[in-house]
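K.L.:
The listed protein sequences derive, respectively, from chains S and Z.
Going by this note's numbering, the first sequence runs without a break in its numbering and finishes at 320.
Going by this note's numbering, the second sequence runs without a break in its numbering and finishes at 481.
Note that these hints are calculated values from the structure, not bench results.
Treat the numbers as computed from the prediction; the structure is a model and nothing was measured.
Some clues are possibly wrong.
Some chain S residues flagged as far from chain Z (calculated, every beta-carbon gap over 10 Å) [unchecked claim]: (1) Thr233; (2) Thr236; (3) Glu262; (4) Asn273; (5) Phe274; (6) Thr284; (7) Ile285; (8) Asp292.
Covered by chain S, according to a simulated footprint, are these stretches of chain Z (three or more residues, beta-carbon under 8 Å) [unchecked claim]: (9) 402-409; (10) 421-429; (11) 468-481.
Don't be surprised by glycine CBs; every beta carbon is placed ideally from N, CA and C.
For reference, the chains in residue letters:
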Amino acid sequence: AQKVTQAQTEISVVEKEDVTLDCVYETRDTTYYLFWYKQPPSGELVFLIRRNSFDEQNEISGRYSWNFQKSTSSFNFTITASQVVDSAVYFCALSETGGFKTIFGAGTRLFVKA
Amino acid sequence: DTGVSQDPRHKITKRGQNVTFRCDPISEHNRLYWYRQTLGQGPEFLTYFQNEAQLEKSRLLSDRFSAERPKGSFSTLEIQRTEQGDSAMYLCASRALRTENYGYTFGSGTRLTVV
Numbered sequence: 207a208q209k210v211t212q213a214q215t216e217i218s219v220v221e222k223e224d225v226t227l228d229c230v231y232e233t234r235d236t237t238y239y240l241f242w243y244k245q246p247p248s249g250e251l252v253f254l255i256r257r258n259s260f261d262e263q264n265e266i267s268g269r270y271s272w273n274f275q276k277s278t279s280s281f282n283f284t285i286t287a288s289q290v291v292d293s294a295v296y297f298c299a300l301s302e303t304g305g306f307k308t309i310f311g312a313g314t315r316l317f318v319k320a
Numbered sequence: 367d368t369g370v371s372q373d374p375r376h377k378i379t380k381r382g383q384n385v386t387f388r389c390d391p392i393s394e395h396n397r398l399y400w401y402r403q404t405l406g407q408g409p410e411f412l413t414y415f416q417n418e419a420q421l422e423k424s425r426l427l428s429d430r431f432s433a434e435r436p437k438g439s440f441s442t443l444e445i446q447r448t449e450q451g452d453s454a455m456y457l458c459a460s461r462a463l464r465t466e467n468y469g470y471t472f473g474s475g476t477r478l479t480v481v
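Bound-form chain S, shown alone (with noise of 0.2 Å):
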């Protein structure tokens, strides 16, 4: 069965410090991807970013950067030099190739302070 686990239910920092927020999946399947989506207080999901299971390499994309470590079932998620704008509830997620439901994580609120 496949499952996403997201230990840290709240992190607080304050601004400008950068935070990771953990991720660690479990499938039996060899192929699937992994995302993260990102709920600002205004409720909408937003997409952030897909990883397939064949790539191990890491991801940067502005402040976000994304560690993928098949070894050890994690997907983890870093923020650099947090901004208040980044506060929401982040979610890891997991879906198998050609499968047509996404398993979400219980999320991770992230509270950046002023």
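Once you've looked at the hints, dock chain Z against the given chain S.
P.N.:
Same frame as chain S, now just chain Z:
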């Protein structure tokens, strides 16, 4: 086309009443999904349409729930004989064919409160 639209944004209903929600996906997206999100949790899959065909339903979707997507465009989700446990945010998402493993585009959701 500005994204996925959901209507209404909020719905308060008495227990036992029926409710219907509507989702208008991005027009070129032939895949449409319904998810449910309760407080403090991530979205949970309910059902999936490819064009007008409903290809998968979660066991979460009891027989009180029904979803349709006539003509492969907008979709409706109906809940009959609502219960307090149905209170949640109902999210619709869409994406185009051949992008099944790219991210969804989500709507803003319909928040249902059953009193």
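K.L.:
Confirm or reject each hint.
P.N.:
Quick rundown of the hints versus the structure:
1. Thr233: 14 Å, holds
2. Thr236: 14 Å, holds
3. Glu262: With a cut-off of 10 Å, Glu262(S) remains clear of chain Z, as the shortest Cβ separation is near 16 Å.
4. Asn273: Its Cβ never comes within 10 Å of chain Z, the nearest being 19 Å, so this holds.
5. Phe274: 14 Å, holds
6. Thr284: Fine: 19 Å to the nearest Cβ keeps Thr284(S) off the interface.
7. Ile285: 18 Å, holds
8. Asp292: 18 Å, holds
9. 402-409: holds (count 4)
10. 421-429: holds (count 3)
11. 468-481: holds (count 8)
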